[in-house]
Amino acid sequence: MLKDKMRYLLPLAFSDMERISRLLTGQDERCGSRSEVRDSHSSTELDVIEAARGLMLATLSTGKSIEAVAASVRMSKRHFLRVFKRATGTTPHSWRLVEKVRSSQQDLLKGDLSLSEIAHAYGFADQAHYSRVFKRVVGTSPGVWRNWAQPIVERRPTVRKFG
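Mapping to full-length UniProt numbering: the sequence shown position 18 is 18, numbers consecutive.
It cannot be assumed that every hint is accurate.
To be verified - Here are the simulated distance ranges between beta carbons: (1) K135 <-> K110: 17 to 23 Å; (2) E117 <-> R78: 33 to 39 Å; (3) S94 <-> W148: 21 to 27 Å; (4) A58 <-> A125: 20 to 26 Å; (5) R132 <-> H79: 26 to 32 Å; (6) G123 <-> R86: 22 to 28 Å; (7) S116 <-> S65: 19 to 25 Å; (8) R136 <-> L55: 22 to 28 Å.
Unchecked claim - Okay, derived cross-link-like pairs now, DSS-like style, lysine-lysine, Cα gap no bigger than 27 Å in a straight line: (9) K85 <-> K135; (10) K64 <-> K77; (11) K64 <-> K85.
Derived by calculation from the structure, the hints in this document are not laboratory data. Virtual Cβ for every residue (Gly too), placed ideally from N, Cα, C.
All chains should be built: construct the whole structure from the sequences, respecting the hints.
This is the structure we're talking about:
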């Protein structure tokens, strides 16, 4: 049981990121292959979603509104929400919150910023809001996660190249 909880405490492993990527691009087993996804969604819609996700990633800290993102890909907000959810399985708002938390984990590991500075840097209203969202996504508070994860990262062996 503890092992299951601990997997949420570390930054996302490559396999986790790959799984999330597959979920977001519709390549998960429940969605079928990329060609099946392309059959169910036009390639234009998939291109629009990729462009929208890129824009949302580039503006994580400023929190560009969903209306503005939809307008930038030339869709109404309602249609954009439908297309995004159909293609990714989640709403743009939820997707952006998970990305904010994932990105903030790197700043937590560095340890040079306070929790309130990190919260502000990622566009959260305050440290309490950041902590609530972080706990919902990761399963523990950012302070506890930082205290637990920093020693693990410091103990990781460095990889040397021999040549």
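Results of checking the hints against the structure:
Checking the proposed 17 to 23 Å range against K135 and K110 shows it holds: the Cβ atoms sit about 20 Å from each other. Against the hinted window of 33 to 39 Å, the Cβ-Cβ separation of E117 and R78 comes to about 36 Å, which satisfies the hint. Taking 21 to 27 Å as the suggested C-beta distance range, the pair S94 and W148 conforms, at roughly 25 Å. Under the hint 20 to 26 Å, the C-beta atoms of A58 and A125, about 21 Å apart, fit the expected range.
With their beta carbons about 30 Å apart, R132 and H79 fall inside the hinted range of 26 to 32 Å. Under the hint 22 to 28 Å, the C-beta atoms of G123 and R86, about 26 Å apart, fit the expected range. For the pair S116 and S65, the supplied restraint of 19 to 25 Å holds, since their beta-carbon distance comes to about 24 Å. For R136 and L55, the hinted distance range of 22 to 28 Å is satisfied, since their beta carbons lie about 24 Å from each other.
Using a Cα cut-off of 27 Å, the hinted pair K85 and K135 holds, with the two alpha carbons roughly 23 Å apart. For the hint linking K64 to K77, the alpha-carbon distance of about 13 Å falls within 27 Å, and the restraint holds. Note on K64 and K85: the hinted pairing holds, with a Cα-Cα distance of about 18 Å set against a maximum of 27 Å.
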